[in-house]
Every structure is written in structure tokens, then in C-alpha cells.
Amino acid sequence: MRFECRGLTFTYPEADNPVLENLSFSMAAPGFNAVFGPSGVGKTSFARILAGGNSGPGGNALIYEGISTILYSYNQERLPGWANTGSHLEKVCPPKNSDLRKELVKIFKVDSLLGSRFSQLSMGQQNRMNLIRYLIQNFDLLILDESLANVDEALRETIILAIKEMFPTKLFLYISHNLMEVARFCKDILVLSRPGKNKGAVVVQGQNYETGYTADPQAIDRSLLEIMNAV
Amino acid sequence: MLFRRIYQFLIVYCLGVVGLLTVKYAAGLSNYVIPGLALIFDTAHRMLAGYFLDVLNTLSVTVLGQMISIFMAFFVGIIGRKSSWAGSFIKVMAYNIQAYPIVALAPIIFILLGDGFLSRLLIASMICYFPLLLSVLGIMASPIKDIEHFYIATGRMRWQLEVKIRAFENLNKLTTVIAGSATLAMAGTIVAEFIAADQGIGYSIRIALYQSDLARILVALFSIGIIISVYQGILETVGEQMKTKWFAPKGGDLI
Amino acid sequence: MNQKIKIDTVIRAGLMVLCMMLFSAVTPAVAGDTLNYRLKWLFNTSVAGDIIADTGGFFKNAGLDVSVNEGGAGKNAIKELELGYANFGVASADQVIRALEKGADVVVLAQLFQVNPMQWIYRSDQPEIKGLSDLKGRHIGVTFGGNDETIMNTLLAKAGLTSKDVRISSVRFDFTPFLKKEVDVWPVYRNSQGVILEDRLAAEGEQVKFFNPADYGVSFVANSVVTSGTMMKKHPETVKAFMTALLSAWEFAVNPANESQVLAQIKKKDKGTKDDIRQKQLKATRPLIKPDKGTKIGTIDVRAWQQTERIMVKEQQIMAPVDVTSRLVGPKKQS
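Protein chains in written order, with this note's numbering: chain E, 1 to 231; chain Y, 232 to 486; chain D, 487 to 821.
The shape of chain E in the complex, shown without the other chains (with noise of 0.2 Å):
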């Protein structure tokens, strides 16, 4: 399992300048990666074209090895309104994935909701709802888009190291701001710049920690400032 993307430049067609130009870079998948940059860089726009796969506007520039389904979720998705978040979620399960659905609802501290509207819970638990419905389909590559904004950071912390434990085959990409998360829990992170500061690409080790982790500072701030040296 193999991604790489060599060369993919991208503007919208109404927009003068690229919004990616000339990106290239490689990663090994399996693993939790990130995507990290500061904002209006691009990071969402290089997430949809990525989860168009070859077809998409990114077309030859993408090179997937043993990636067929990829998935994009993002923040402020929303589930219909006409049932309950359950139903919805009941409804949208695969019925081999039933038992995982029950068990990333408790892990995501969502089991008291499922009788809610999803209008009636907050944007955390919103957010949590949602991912719930994409880690329960068939998919290999999963791309986060701040799917867990607004959530609190020991819940976050849980939910991302019961993903990586859960989903130890899925190459998943976050997509986030915070950098001290980042920075302790991806494995690469592939930070953007600004086009036209000649930096291009650059994809940093992050300390891709693991349930049960041991902090280690130096190693974190080691990877803080690669990641603040390649913005």
C-alpha cells in the first residue's frame, strides 16, 4: 500500500494563481498521516482533489498502490434531520461492521445521543456522529478534514489512538490545526507551504504515538520545529 503524488499543480478555474503547484511527495500507508499547514494553503482543496482518486481533477498526478476506496470526511457534515442519529447510523452500517459501529459509539461517547436529532447535539458530538458513519464503511484511505474540531482534547487524544488500534491496515489523512496533536500522534506529516515560497512539499516524521505512550519532549519538539521549519 503505497500513495505518491508527483508533480500535481491545481487552480480553480475562475482563480488566477495555483492553489497547488508542482506538489510532490510519497507515503507509505498503511498509517495515520497528516496534512498540516497554515490556513488558506490549500489543505482542504488538496484533500477533495486526493478523495477524486485518478478520475478526479488530480488525475495522473496521483499514483494510489493498493488504494481502490477513499473516503472524504469533513467538518460541519451533517445527517438528515427526518430520524434519529441511531437510525441514521443503523441505516448506513454495513451489516458485517454492526458491532464495530456499537464499539467506536462508546469509544466516542456518543451511546446517550442516538435517540437525538443530529440538529439537537453540539458541534463536538456532531463531529464525533459523523466520522462514526465513515469508520463504519469499507474504505481504505480515509481523509479526516477537521472532523474532530470542536471536540475536547482527552476525547480527541481517545478517539485518535482507538483508530490507529482499530484500523491498523487504513491509511487514514488528518487534516488539523493543532500542531502539538500532529506532532505526537501522525506517523508522516506532509506539511504545505504558501505556493511561491519555493518550499514545496515536505513530509515530516511525526512521533506516531500508540495507546499506552510514553511522552518523550525532546522527540515531540524535535518534531515541532521540522514541522514550523517547513511552513
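Calculated pairs, DSSO-like style, for lysine-lysine (alpha carbon to alpha carbon, straight line, at most 30 Å):
id, chain 1, residue 1, chain 2, residue 2
1, Y, 313, E, 91
2, D, 667, D, 766
3, Y, 255, D, 720
4, D, 818, D, 719
5, E, 91, Y, 404
6, E, 102, Y, 395
7, D, 719, Y, 255
8, D, 695, D, 650
9, Y, 376, E, 102
10, Y, 395, Y, 476
11, Y, 376, E, 91
12, D, 666, D, 760
13, D, 779, D, 726
14, E, 102, Y, 476
15, Y, 476, E, 109
Everything labelled a hint here was simulated from the structure, so no lab data went into it.
Use these hints to put chains Y and D onto chain E, whose structure you have.
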């Protein structure tokens, strides 16, 4: 909702009558030009019951015409939502036909269908169909990306689900448009009756106009206003109940 | 503070505009202004005299500045007299009587149609209507709520027939049911629609006849020239000058010797009608306005007015008599 509709109408109606009476007494006009209160009451006493029955007759055509329009608008709106060519063609056609005054189309309709029930029904449907269609097309052609994305990405999207998502997300707009189209359907039926029918309130208004009897027209307008307010109130209440049922925190159906 | 002053100014300006609109709506024109003459219907051959009075210079020669305005659906000359939009107008007798019932200040200066043009057309291959009893079993068109319904009800009552003895159908704006032979006897204005229908059927080899209620003793008065009682009282000279000019113009219009001139003037106002139809319409209009040489145009047939009033009371078009004869101020027919 129902009572609010009625008293809102009564306020507007009374303001209109007071305005007319002010002009009448300020300018010293006779009852022939603007009827006085006594004449209005006397006419109401004589005509109101009959006019209510006439309006109910008109309303029966209105309701049927509106149901046909709603069905047609959803049918065409759902079909036309995907293809940009069909969608734009339907929109252009709807705008064009809307622009034709119904009195110009009426002779063709009357020649083809005669001047009975079918013509009234068709004209009522035509007048309320096109605005409904434009709204339904607009709603059905606008994706709700933050809901639809998941279903598209996971290959679960079906046209029924797409329609359900878009209708649910625009339920307020749809109920308002449907309730609003009741007045259009009523106006359409009245126009049809006015042009060529021998029953309904439009026909009664035509007779009153032949006889330059503004008092009768005011009584007819009162009957129309009350009954259309009740009808719209009922539609809105049904819409509210639908929303409450759909939005209810428990017991919703599965998609 | 400034905003409050602005709002006050807007409210005051709005009130002033409203007052001006009301004032202008109810202020009658005074002598010396343009006189407004509101016809009952659109410009066509039926109003030949009114057109000639204007374009033939009859009003001008009388020293009057008159604007002759088309009528139409929704236009009502008597209401306009009261609102000050018109000084003279053409109204049907039923309009006058209804207006009097409701307290309008209207007087009749002249009766333009000596014979009501509202008649019924039927095909010649149908049994001829020689008497009112011949109406029995016919399929008759009437405009519900219109004068023809009142007239037909009177005719049927006179013949001792009820609605069960005939078949009545509602008339709409086009002739299709008559042309498709669904209705046998169809109401028309003899000198306008009557001519058109007669012509159209003749083209298909069909002949028609007309059924005139006046021949059976029902004289329901049609169009007359009216003004307000106030105008009559305050400007009698203007009224006199206006009527003299108008009736002279009508005399000119119905004189066959002036036919080409009159048709040319009508054509300027009524471009949509074919020349030969216009000519036939004028020919049909003459006997309605001036049935014989001895009849002075505009003469008021008091008996016909009284009959019209009686019919309207009987048909419950009005609740009580209005003494219409007291409002007939023009020259009357000597009986």
C-alpha cells in the same frame, strides 16, 4: 395559525372598507359609486349566504387545481432537476407561459374544453402551477452538499433520497409556497369563472360588475377572503404538523 | 433628531399628495376646461355620431373643447360624472336606473338608440319566430346578469313560458356555441356583432334572421347621453351647446349621403374592422338611431323608459321604483 390568518384578513378588509368610506364621505359620493355601510350590510344580509356557497364551489375547483399543480410541479421539478438543459428549458417555458395573460389563453382553452368544470380546473392549475414549478425546480436543483456528500461518497445516493433530503431541508419554503399558491389557484379559478362559467364566485362577481354593484363585490371579496384565509390556515397548520412530525426527536422513520 | 424631522417631512408630504389625489378625484371640471365625454364602449360604428362630433368639428364649431373618450369593460360614465372625471357620458337605461336607486345625481339628455340593438340572431333554416310562443323549445343564449337576461325573462313571462319551456345557456365572449349550432338563438348587438355573424355565416351559405324584442312589445331602452344634475344646473348653456353639436353630428353620421365621409372618420378610430363590415354596420346602425325620417335623433321615449323601470322592478334588478321620468330632461317623444 388559522385564527391569526382570519383576523389578519379582517383587519386588512376593514381598513380597505374604512378607506373607501372615508373617500365616500369626504367627497360626498353616492351609494352608486361607493356604497355606504347600511347598503353594504343590507347587501351582505341578502347575498352573503349565497356567496359563501359560491366561494365553496370555487374552492372545490381551487383545491383540485392546486393538488394537480403540486403533483405536476413535483413531477416536472424532480425530472428537470438533474439535466441542466431540461431544467433550463422547463424554466424558460414556465416563465414564457406565465407571461401570457390568461385572458388571452382562455379562448383556446374554452374552444378545446368548453366552458365547464374542466376549463375552470385547467386555468386554476395553470395560474398556480408555474410559480410552484419554479420554486420546486429551484429547490430540487440545489444540492444540500453537507448532507448529500456522505451518500454520494459511499455510493448510497438514490433519487428518492436526494429528493427527500432537498424537500426536508426546504420544508419551510415548500409549505410557504404551497400555502401561497392557494391564493393563486383561487385567483385562477375566479378568473376562469369570470370569463366564462355559470357558477362560482367569479361568475357572481361578473354579474355584480355588469350591474355596477360595488356593495355586492365587497361582500363577495369578504367571502373570498374569509374562505381563502381558512384554507390557507389549514394548509399552514398541516405543514406545521408535518414539520413537527418530521422534526420530532423520537420515532422518525428510517431513510 | 434629523431623522425624526425627515420622517415628519415624509409623512406630511405623503398626506399632501393623498389630499391632492382626493381633491383632484372629486373636483368637477368648470366651464372653460376641456369637457370629457365618456362613451359606453370602444370606438366603432355604433358611436359614429360621437366620432363625427369630434373629428368632424361639430364640437369645435360650437366653441367647445371636448375630449371624446372610449368606454369599455369596467368603465362607467355615471360613476365618472360623479367623480369629476367626465362631464358627459353615454350610459344604458339600466345603468341610469340603478344609479338613481343608489342616489346618484344623473339626468338623461338624449336617448341615442330609439331601438335597442340588443337582439337575438338565429339561422333561417330554423322555424321562424313569428310570435313569443315560438320561443318554446328553443335553445336560447343569455348573458347571465346582463340586460339580455332581463329582456329574455320579460319576453318569456309575457309569452306565459317558464324556464322549463326553453333551454337557456350561458353566453360567453365568443360565438363558438352558436357557430357550432349548439345554441339556436344567440344574443348580439344587431349593428355590430350581428353584422359580423351574418357576414360570416353568409360566407358559408347560411342565412340568418334577427329577433327584436321591441317587435313583441318589450322596449328596454339602451344607450343615452347623460350628465350630472349639477352640471345641468350650473352650466345649462354648455349642456345645450354640447347636445346641439352632438345631435347635429349624429344627424350627419346617419345621413346616407355622408356615408363615405363618415366611414373614413370611423376607420381612423376603428382600424381593426374590415371596410365592408364597417359599411354594413353603419347601415344597420341608421334605423336604430333614426328609425324613420320623422324621428328626431335623441328623442326620449318616456314610455320605453317607464317600461324599462317596471321590468327592472319586476326582475328585482332594483328594489323599488325610482321615478326615472323625473330625470329625463331632454326632448321627449310625443305620444
